[in-house]
Amino acid sequence: MLRLPIYLDYSATTPVDPRVAAQMMPYLVEKFGNPASRSHSFGWEAEAAVETAREEVARLVNADAKEIVWTSGATESNNLALKGAAQFYAGKGKHIVTLKTEHKAVLDTCRELERQGFSVSYLDVREDGLLDLAAFAAALRPDTILASVMFVNNEIGVIQPIAEIGEICRARGVLLHVDAAQATGKLPIDLAQLHVDLMSFSAHKTYGPKGIGALYVRRKPRVRLAAQMHGGGHERGFRSGTLPTHQIVGMGEAFRLARLEMGSENERIRMLRDRLLAGLSDIEHVYVNGDLEQRVPHNLNLSFAYVEGESLLMAVKDLAVSSGSACTSASLEPSYVLRALGREDELAHSSIRFTLGRFTTEEEVDYAINLLHAKIGKLRELSPLWEMVQEGIDLNTVQWAAH
Amino acid sequence: MAYSVKVLDHYENPRNVGSFAKDDEGVATGMVGAPACGDVMKLQIKVGKGGVIEDAKFKTYGCGSAIASSSLVTEWVKGKTIEQALDIKNTQIADELALPPVKIHCSILAEDAIKAAVADYRKRHGEAAAG
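First to last, the protein sequences are chains V and Y.
Going by my numbering, the first residue of the first sequence is number 4, and it counts up by one from there.
Going by my numbering, the first residue of the second sequence is number -2, and it counts up by one from there.
No false leads were slipped in.
Part of the chain V face toward chain Y, derived, beta carbon under 8 Å: (1) Y309; (2) E311; (3) S314; (4) M317; (5) D348; (6) E349; (7) H352; (8) L385; (9) S386; (10) L388; (11) E390; (12) W403; (13) A404.
Think about it this way: if two alpha-carbon atoms lie no more than 30 Å apart in a straight line, the pair counts; the simulated DSSO-like pairs of lysine-lysine are: (14) Y:K77 <-> Y:K54; (15) V:K378 <-> Y:K19; (16) Y:K75 <-> V:K381; (17) Y:K112 <-> Y:K86; (18) Y:K46 <-> Y:K86; (19) V:K381 <-> Y:K112; (20) V:K378 <-> Y:K3.
To be clear, the hints were calculated from the coordinates, so they are not data collected in a lab.
Only a predicted model underlies this, so the values are computations on that prediction, with no experimental measurement involved.
Note that CB positions come from ideal geometry on N, CA and C, so glycine has one too.
Modelling step: build the complete structure from the supplied sequences, incorporating the hints.
If you want it as C-alpha cells, here you go:
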C-alpha cells in the first residue's frame, strides 16, 4: 500500500536500516561501557565493538582499519582533513585547490582557511558538472599543498574522476582529500588503487545513524594532520572525545550491509531512476542537470522550465524532494551548484532533486510521475513565462523590470 | 516553510487565472519581476466606463506566496477605480496573507504589478502618468 508522503530525498538522509538499528540497541543499555576504559570488561566489550566496526568501514573502501578515524560526520571529517592538513603542511605552501560545486562543509572550511592566511582556488566545472582534468592540473602551483574534490556531488549526483585526479596530485606532490559522503554504497571505492590521501565518510547517507562519520587518513605514504579537537587523545590524537559506541556500531553495520548488497541494490535503484526519467521525459522543456552517465544511479536532478521551484515543491507536497540541497532550501537563492554548471537562472530556480534509495518502490515512482504530470501542467497554465514561450517570444530578449 | 491557510487557499484555488487579449478595449497589462529573481507577475485589468476596473486576470511565475499575492490582488482590484486600486499597499497584502518576512517581497511585487497595469492603462489612454 502506498503511504504518503513518498520519500525521495535519500541524499539528504536515509532511514536507519532496521538491521542496523537492531545491532545498535544493546550498546545503549546493556553494553554501555566506555571503549577507552582499559580496566574492566565493560570497556573491553565496547572497544571490541568499535574495532569491529572500524574493520567494516575500512573493508567497504579497501583500506586498513588503522587508517579510519571516527568523527561526528562528514562535516567534521571535512573540517579535520582540510584544516588539519593545511595547518600541518603550511610550511610547504599555502595554496589549496577545490571546486565551486563542493559541499558547503568544504567551501566554508576553505573560506575559514583563507581567513587563516591560505589562498584557495575555486575551480569551475564543465556544463555536465564534471571537473576538467587539464584545468585542474593547470590550477596546481608549486605552493599547492592540498586539493579537495568530492567523489559524488550531493545535488546532481555526478561522479568526479577521482582516479585521474589522484594521479595528477600524486605526481605533483599535492595531498588529495575526497568528500565521499554521497559515494559510499553507491559505487565501488578502492583506496588501495586510488591515490587519495584523505577521505570523508558519513553514516546517515548510507542507512546508518546521524551523528557519526569517519575520516580515512592514509598511512602509506603517511599523511599527518593537526588535530582540531583536543582532549583525551582518542583516535591516536587525531580526534579526542569519548567514542559513541552505539553510533559506531551502527555505522559499521551499515557499511557492512552496503558492501554486501550494493551490487544488486544499485541495479534495482538504477531501473527505478530510469523509469522515473522515462516517465517524465514526455513533458516539454524538462532538462537533466549534470551528466547522466557519470552519475550515481540514485540521483535525478531535473529542471522544469518556466515553473518556479518553490511553488513546484508546494504542488508536489506528497513527494519529499528537495530544490537545491537541504542545507540551502530555506534560502531564496537558486542552487549555486546549478549556477556553476552555467544553468540560466530560471532553470536553476526550477530544479528538483529526486534521490532514490533502498526502500523506494516502483509504485512510488509511478505515483510521482503522475503527480508531476498533473502539477507541471497546472503551474505552466499559471506561468506568464510559459505563455510567452508559447507565443514564440524569446525570453532572453525581454527587458525585465528587475526588483 | 509553513504557509498560512490563506496562502494555501489561493495557491490551491487561484482566482482569475488567465489572460485578456492585450489590445482589447480597456485592457491594460502590468508585468513585473524577472526570471532571474525567481518571480514574474503579469496582472491585467479591464477598465470600463468611469475608470472602474471591471475584471482582472493574472499569471505568475513564482513561489506560493507570489501566486497567492497576485491572486488576491485580482480580487481586490475588481470594482475599484484605478485611483482606488493604487491605494492598495503591500502591507495590506502581506497582512491579509500572513506572509513571513522572507516573503514580503512577494507583496511588494503585487503592489508593483497594480502600479504597472495602471501606468499601462494611462499610457494607452493618453492620461498623464501619475501615482
